[in-house]
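A.B. asks: These protein sequence lines are chains A and B, in that order. This note's numbering numbers the first residue of the first sequence as 47 and each following residue consecutively. This note's numbering numbers the first residue of the second sequence as 54 and each following residue consecutively.
It is possible that some hints are incorrect.
What the hints assert, rightly or not - Some chain B residues close to chain A (C-beta under 8 Å, calculated; not the full set):
1) 95
2) 99
3) 100
4) 104
5) 105
6) 106
7) 234
8) 247
9) 253
10) 256
To be clear, the hints were calculated from the coordinates, so they are not data collected in a lab. Note that CB positions come from ideal geometry on N, CA and C, so glycine has one too.
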Amino acid sequence: MRRQDIGTILALVDRSKNELLRVPGAAIPGVLAPTIFFLGLNGVFGSLTQLTGFTTDSYASFLVPVSVLQGAGFTGAATGVNLARDIEQGWLDRLLVSPAPRWVLLSGMVLAASLRAFIPASAVLLVGFGIGAHWPGLDGLVLTYAMVAVTAAVAACYASALALRYKSQSAAPLMQAGMLALILMTTAYAPMELLQGWLQDIARLNPMTLVVDAVRQGFIGTVTWEETWPAIVALAGMLATVGALSLRGMRRTAV
Amino acid sequence: MSGLATNLRVVAALGARSVRQTFRRPQLMAPIIVFPTLLLAIQTGGAGAAVDLPGFPPVQSFLQFMLAGAIMQSLMLAANSGGIALAVDIEMGFTDRLFAAPISRYAVVLGRLAGTAALGLASALWFLVVGLIFGAEIAGGVPGALVAIALATAATVAIGGLGASVALRTGQASIVQGMFPLVFVVLFLSTAFFPEGLMVEPAQTIAKYNPLSFVVEGIREPIVTGLNGTDVLDAVLAILGIAAFSLLLSARALRHRLKVG
Numbered sequence: 047m048r049r050q051d052i053g054t055i056l057a058l059v060d061r062s063k064n065e066l067l068r069v070p071g072a073a074i075p076g077v078l079a080p081t082i083f084f085l086g087l088n089g090v091f092g093s094l095t096q097l098t099g100f101t102t103d104s105y106a107s108f109l110v111p112v113s114v115l116q117g118a119g120f121t122g123a124a125t126g127v128n129l130a131r132d133i134e135q136g137w138l139d140r141l142l143v144s145p146a147p148r149w150v151l152l153s154g155m156v157l158a159a160s161l162r163a164f165i166p167a168s169a170v171l172l173v174g175f176g177i178g179a180h181w182p183g184l185d186g187l188v189l190t191y192a193m194v195a196v197t198a199a200v201a202a203c204y205a206s207a208l209a210l211r212y213k214s215q216s217a218a219p220l221m222q223a224g225m226l227a228l229i230l231m232t233t234a235y236a237p238m239e240l241l242q243g244w245l246q247d248i249a250r251l252n253p254m255t256l257v258v259d260a261v262r263q264g265f266i267g268t269v270t271w272e273e274t275w276p277a278i279v280a281l282a283g284m285l286a287t288v289g290a291l292s293l294r295g296m297r298r299t300a301v
Numbered sequence: 054m055s056g057l058a059t060n061l062r063v064v065a066a067l068g069a070r071s072v073r074q075t076f077r078r079p080q081l082m083a084p085i086i087v088f089p090t091l092l093l094a095i096q097t098g099g100a101g102a103a104v105d106l107p108g109f110p111p112v113q114s115f116l117q118f119m120l121a122g123a124i125m126q127s128l129m130l131a132a133n134s135g136g137i138a139l140a141v142d143i144e145m146g147f148t149d150r151l152f153a154a155p156i157s158r159y160a161v162v163l164g165r166l167a168g169t170a171a172l173g174l175a176s177a178l179w180f181l182v183v184g185l186i187f188g189a190e191i192a193g194g195v196p197g198a199l200v201a202i203a204l205a206t207a208a209t210v211a212i213g214g215l216g217a218s219v220a221l222r223t224g225q226a227s228i229v230q231g232m233f234p235l236v237f238v239v240l241f242l243s244t245a246f247f248p249e250g251l252m253v254e255p256a257q258t259i260a261k262y263n264p265l266s267f268v269v270e271g272i273r274e275p276i277v278t279g280l281n282g283t284d285v286l287d288a289v290l291a292i293l294g295i296a297a298f299s300l301l302l303s304a305r306a307l308r309h310r311l312k313v314g
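Could you build all of it, start to finish, from the sequences and the hints given here?
C.D. replies: This is the structure we're talking about:
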């Protein structure tokens, strides 16, 4: 990687930071949505822990990992929406005529999404601890933030691929719904054995289940390498797949 | 008489316009149909074992219980989308042109609400059909389904009035859009997704007095237990209360809009 490539990536991250500072309201939906869902679902489904098969008596602890990943998903999807806006307004064209390679432009946007995802994750964690979610330990916390960053990168690549395909902000629901389905069609609400048959089948095949379970381990027990490495492999696989798709979209985008 | 006929034609034309607008723009359809359907599937699959909890009311399946919640979620989002669309019309000057025309100003607002009501009806129908396809029974049969659809449509108008009043007062789509998270707060604090007795405090106490709980239970009764009237009557009263409140707010907001232009 050349020095100027790093400079371009950092400039794009800086642009994202400026947007946050200049339009603070833009970050509010991304923070509010997972926080409201977390509090709401905890209030509504909290008594599910009485069912045999739950490994914790704190639904807040069970749910908080899902909500932080949901925040990462929303933040990543927002990157796609912003890219679609940049395409509509001609800003991407100006980036494409610059000497920066396409992968560098994509990396800047994706890295910005990973860093921005820490905001909703921190908000949800603070609220979670406030209502009694268990402390995951330092290792659990580091693992949570690391998984949040990579999940946001996966979401950003997926949403960017859609933005480059449809070139319109109208594709936003597809970006958000895709991430919502990916994250919630897991053991999000209940352990695997308590899911209905069809959802159990999907959750077993869904690689995000491994990520949810890995982030959850610190909140309902202890962090182990046996439950962590499958999540790392799953995230690496997802990132490689959607990263390749979005890079292909970038390369096919002509000025 | 001809004045009334003219206004009815205006309401019908504006209602049809707002329905067409929604179907043409996927970003407007998604919150009304796609997201509630997705959440219905996920919540039914994820929390379906809840029917085994002690204290859960007797139901044929969790999907049957959840249908009313999904309808409620969809109609509230339809009401919110209607408010956003009205605010966009105000921002773009379309409403000003209508206000300058020789038609009742209330017909302009009613036209938008008629479109919102049509979406509420369509979403209620959609969820009942989805429920039937995936094995949920409608205990009240066809009359029960019709009562549920009628209540959902009336509730969409009543709640849509609140969105319209915010749109008329502020004239800014972004502010009406900002109410989007509030929809979920109010929904989670009602019995839309779980029986009141099994909710966790303080959600349980708030849900007990939340008018939306009465509306949800009214829609749920014909689906889960059949038509026995008690919850339906409470729902009608709650809808009338919400409608009266939103009518008052809308009338005041309309006067404000006509004053500021």
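A.B. asks: Next item in the hint list is residue 95/B. Is there a CB on chain A closer than 8 Å to its CB?
C.D. replies: Since chain A brings a Cβ to about 5 Å from residue 95/B, closer than 8 Å, the hint holds.
A.B. asks: Against chain A, is residue 234/B within 8 Å by beta-carbon distance?
C.D. replies: Hint holds; residue 234/B Cβ to chain A Cβ min 5 Å, cut 8 Å.
A.B. asks: Double-check residue 106/B for me: the hint is only fine if its C-beta lies closer than 8 Å to a C-beta in chain A.
C.D. replies: The hint holds - residue 106/B has a Cβ within 8 Å of chain A, the shortest such distance being about 6 Å.
A.B. asks: Grab the minimum C-beta distance from residue 99/B to chain A and call the hint holds if it beats 8 Å, violated otherwise.
C.D. replies: 3 Å, holds
A.B. asks: Residue 105/B was flagged as interface toward chain A. Is the shortest Cβ-Cβ separation under 8 Å?
C.D. replies: 7 Å, holds
A.B. asks: Is the shortest C-beta separation between residue 247/B and chain A less than 8 Å?
C.D. replies: 5 Å, holds
A.B. asks: Given residue 104/B as an interface hint, is its Cβ closer than 8 Å to any Cβ of chain A?
C.D. replies: Violated - the Cβ of residue 104/B stays beyond 8 Å from chain A, reaching only about 10 Å at its closest.
A.B. asks: Given residue 256/B as an interface hint, is the shortest Cβ-Cβ distance to chain A below 8 Å?
C.D. replies: 3 Å, holds
A.B. asks: Please check whether residue 100/B passes as an interface residue: C-beta within 8 Å of a C-beta belonging to chain A.
C.D. replies: This hint holds: residue 100/B lies near chain A, its Cβ roughly 5 Å from the closest one there, short of 8 Å.
A.B. asks: Any CB of chain A closer than 8 Å to the CB of residue 253/B?
C.D. replies: Constraint on residue 253/B satisfied, holds at 4 Å.
In summary, the one numbered hint that this structure violates is 4.
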